[in-house]
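Engineer: Using the sequences and the hints, build the whole thing.
Here is how the chains run, residue by residue.
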Amino acid sequence: SQKIEQNSEALNIQEGKTATLTCNYTNYSPAYLQWYRQDPGRGPVFLLLIRENEKEKRKERLKVTFDTTLKQSLFHITASQPADSATYLCALSGGSNYKLTFGKGTLLTVNP
Amino acid sequence: GAGVSQSPSNKVTEKGKDVELRCDPISGHTALYWYRQSLGQGLEFLIYFQGNSAPDKSGLPSDRFSAERTGGSVSTLTIQRTQQEDSAVYLCASSYQMSANTEAFFGQGTRLTVV
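From first to last, the protein sequence lines are chains A and B. Residue numbering for the first sequence follows my numbering, beginning at 1 and increasing consecutively. Residue numbering for the second sequence follows my numbering, beginning at 1 and increasing consecutively.
Calculated directly from the structure, the hints in this document are not laboratory data. Note that the structure is a prediction, hence the values are computed from the model and not measured. All the pointers check out, no bait thrown in.
Pairs of lysine to aspartate or glutamate residues, derived as DMTMM-like cross-links and limited to a Cα-Cα distance of at most 20 Å, are as follows:
hint: 1; chain 1: A; residue 1: Lys99; chain 2: B; residue 2: Asp56
hint: 2; chain 1: A; residue 1: Lys104; chain 2: B; residue 2: Glu44
hint: 3; chain 1: A; residue 1: Lys57; chain 2: B; residue 2: Glu103
hint: 4; chain 1: A; residue 1: Lys99; chain 2: B; residue 2: Asp24
hint: 5; chain 1: A; residue 1: Lys17; chain 2: A; residue 2: Glu60
hint: 6; chain 1: A; residue 1: Lys57; chain 2: A; residue 2: Asp67
hint: 7; chain 1: A; residue 1: Lys63; chain 2: B; residue 2: Glu103
hint: 8; chain 1: A; residue 1: Lys55; chain 2: B; residue 2: Glu103
hint: 9; chain 1: A; residue 1: Lys99; chain 2: B; residue 2: Glu68
hint: 10; chain 1: A; residue 1: Lys99; chain 2: A; residue 2: Glu52
hint: 11; chain 1: A; residue 1: Lys3; chain 2: B; residue 2: Asp56
hint: 12; chain 1: A; residue 1: Lys104; chain 2: B; residue 2: Glu103
hint: 13; chain 1: A; residue 1: Lys99; chain 2: B; residue 2: Glu103
hint: 14; chain 1: A; residue 1: Lys59; chain 2: B; residue 2: Glu103
hint: 15; chain 1: B; residue 1: Lys11; chain 2: B; residue 2: Glu85
hint: 16; chain 1: A; residue 1: Lys99; chain 2: A; residue 2: Glu5
hint: 17; chain 1: B; residue 1: Lys57; chain 2: B; residue 2: Glu68
hint: 18; chain 1: A; residue 1: Lys104; chain 2: B; residue 2: Glu85
Structural biologist: Okay, here's the thing in structure tokens:
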């Protein structure tokens, strides 16, 4: 069955450092991969989308990579700030299955 | 409204009662999702509506759960004979196109507590 794993349940880093979050998947050939941010008590908010034929996507301090051979996406936040502290979720979709399937998320804490 | 609206924001119900959760998607969005999120867990897919196609109900955990979407807009998720394990946050999301490459916009969720 399809499986999405976000390797770290929690990640703590120091302000100013780069945070790197991992999303791995199995038994899936997604055409698109998305990253969302979720704050406590709120619904997820879309951050970035990357297509299977794209290797990298950037938006301000955010960078996403997508390696369909390794079946992995990396999500980077450079020059991290305490305000970046949140849970980050990856989600996959593809083909005729438009359904978004989410990983369990990684709780990122950026310490001042 | 500007975003996806869910009501109620909180619901406490007694075990065995039926509940209805409502979702108002963003106007013009053709796709609508329901997810469930238990404390500290990821999003569990429940059901997906896209346009006039038959909904994808593959995530509904039991026949106590059902959902409908009237007129391609408002959706209602109904849980019959609620159980304590149904306690969770129920999230609704909508997206603009019936394709896999568009972002989903989420509501703030309905926190359901079954006592």
